[in-house]
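Modelling step: build the complete structure from the supplied sequences, incorporating the hints.
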Amino acid sequence: MKLRAALLAVTLLAAACGETAVADPVGAEAVTGSSTTTPTTTEAETTSTTTTSTTTTSTTTTTTTTTLPPVVLGFAGDTSFTHGNESRGPLVAVTELLAAPDFMVVNLETTVTEPGVGTKANKTYTFRSPPESVDLLTEAGIDAVSLANNHTLDFARPALLRTVELLDAGGVQHFGAGPDPDAAYAPLLVELGGRTLAFVGLNRVPCDWSASGENTRPEVAWTCDAFVPDALAAVAAADEVADFTVVMVHWGIETKHCIEPWQRDLATAYIDRGADLVVGAHPHRLQGVEMIDGVWVAYSMGNFAFPSGRNAGADTGIFLFELNDAGVHLRVQPLRGPAGIVSTIDAATGDRILSDLTDYSFGVAFDEDGVASRTDEGGTCG
1150 MKLRAALLAV TLLAAACGET AVADPVGAEA VTGSSTTTPT TTEAETTSTT
1200 TTSTTTTSTT TTTTTTTLPP VVLGFAGDTS FTHGNESRGP LVAVTELLAA
1250 PDFMVVNLET TVTEPGVGTK ANKTYTFRSP PESVDLLTEA GIDAVSLANN
1300 HTLDFARPAL LRTVELLDAG GVQHFGAGPD PDAAYAPLLV ELGGRTLAFV
1350 GLNRVPCDWS ASGENTRPEV AWTCDAFVPD ALAAVAAADE VADFTVVMVH
1400 WGIETKHCIE PWQRDLATAY IDRGADLVVG AHPHRLQGVE MIDGVWVAYS
1450 MGNFAFPSGR NAGADTGIFL FELNDAGVHL RVQPLRGPAG IVSTIDAATG
1500 DRILSDLTDY SFGVAFDEDG VASRTDEGGT CG
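Residue numbers (the numbering used here): 1150 to 1531.
Check each hint, because a few of them may be wrong.
[Unchecked claim] Estimated spans, in silico, between C-beta atoms of each pair: (1) ASP1421 - GLY1238: 39 to 47 Å; (2) THR1287 - PRO1367: 44 to 52 Å; (3) GLU1281 - THR1493: 21 to 29 Å; (4) ARG1523 - ASP1421: 32 to 40 Å; (5) GLU1314 - PRO1410: 21 to 29 Å; (6) THR1529 - ASP1329: 40 to 48 Å; (7) ARG1523 - ASP1495: 23 to 31 Å; (8) GLY1342 - ALA1318: 24 to 32 Å; (9) LYS1405 - ASP1374: 17 to 25 Å.
If you're looking for bench data, these hints aren't it; they were derived computationally from the structure. Note that CB positions come from ideal geometry on N, CA and C, so glycine has one too.
Here's what the structure looks like:
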């Protein structure tokens, strides 16, 4: 939010100087910092018996523009190393792609512990990945994970706390869950490219069905209806201390490519409280992208390295957001992850995934390179 405020300040300064500030019509609002030397005028008078002279010297006004280096944030969807996938090289084929962004984040939809830690929740699907999963993340260049999802508590509090211990020991940062609500809602703060970035993880699954009472557990940052005030307060608090605030939210309906109307309302509420980017997970399918008040919203990034990924559920990608002086720009690198083994794809498959993503989106189209731009055309979810 501070970055968007910076653009307004620059625009006003340019207007005062008779200049025009230009923002990229495709990206979110630009950021430019300026410093001005204040003009001063001094007069020196010299008097003698024969002449009097007055000399006036003035400095000229100069404006210098300070630019920050571009920063690329990468995001990918649901990730779990169960069913023996930890030994199958689930990320080996895309390691270079994952290591390319300045900061890479995935949704870690599993506990990470040794066998026997915690008590299995009374639910149909529970996920436990082995401790070596942390090495898979670090070796692939993944910097941080969101723990705000419906599988973080699959083996209750002890497994969550052990997951956090292993992530900390392996140098993988995390957000969205912790030993208490303060830790769960606290933003992950990262200094990158002269900017303070905040990452807030929020979970809205389950809200309308019972899963061993987990939607009342204090270890997760919830954004169900009863917890929306807490979630919005967390976003606003992050905005107070950061230049750029990311909300990563677990929401939506499983296996659906089209969003629910309430998701747009909730995204708008996050943006109103200071979110500069909203990225989503949980449906296990790619969902659309749109811009709300100049802010990118990617509703679902689909499965990433997730063992149940099949057919449409194997379509995935890395969502790359570049922050620069012209704004925030989005490019998607399409990939496939059948059975949780992520791989690069041929051009035809990539074109098909990007075309589908355009079809699910709202006023946004993706070209053959995965670059997002505004469009007046609507898709099937519009």
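The hints, checked one at a time:
Take ASP1421 and GLY1238: their Cβ atoms lie about 43 Å apart, and the range 39 to 47 Å holds. In this structure, THR1287 and PRO1367 break the distance hint of 44 to 52 Å, their C-beta atoms being roughly 29 Å apart. Between GLU1281 and THR1493 the C-beta distance comes to about 24 Å, which sits within the given range of 21 to 29 Å. Here the CB-CB span from ARG1523 to ASP1421 is close to 21 Å, at odds with the stated 32 to 40 Å.
The hinted window of 21 to 29 Å between GLU1314 and PRO1410 is violated, with their beta carbons roughly 40 Å apart. As the Cβ distance of THR1529 to ASP1329 is approximately 43 Å, the hint placing it in 40 to 48 Å holds. Distance hint check for ARG1523 and ASP1495: the Cβ-Cβ separation is about 28 Å, which falls inside the suggested range of 23 to 31 Å. Checking the proposed 24 to 32 Å range against GLY1342 and ALA1318 shows it holds: the Cβ atoms sit about 27 Å from each other.
Under the hint 17 to 25 Å, the C-beta atoms of LYS1405 and ASP1374, about 20 Å apart, fit the expected range.
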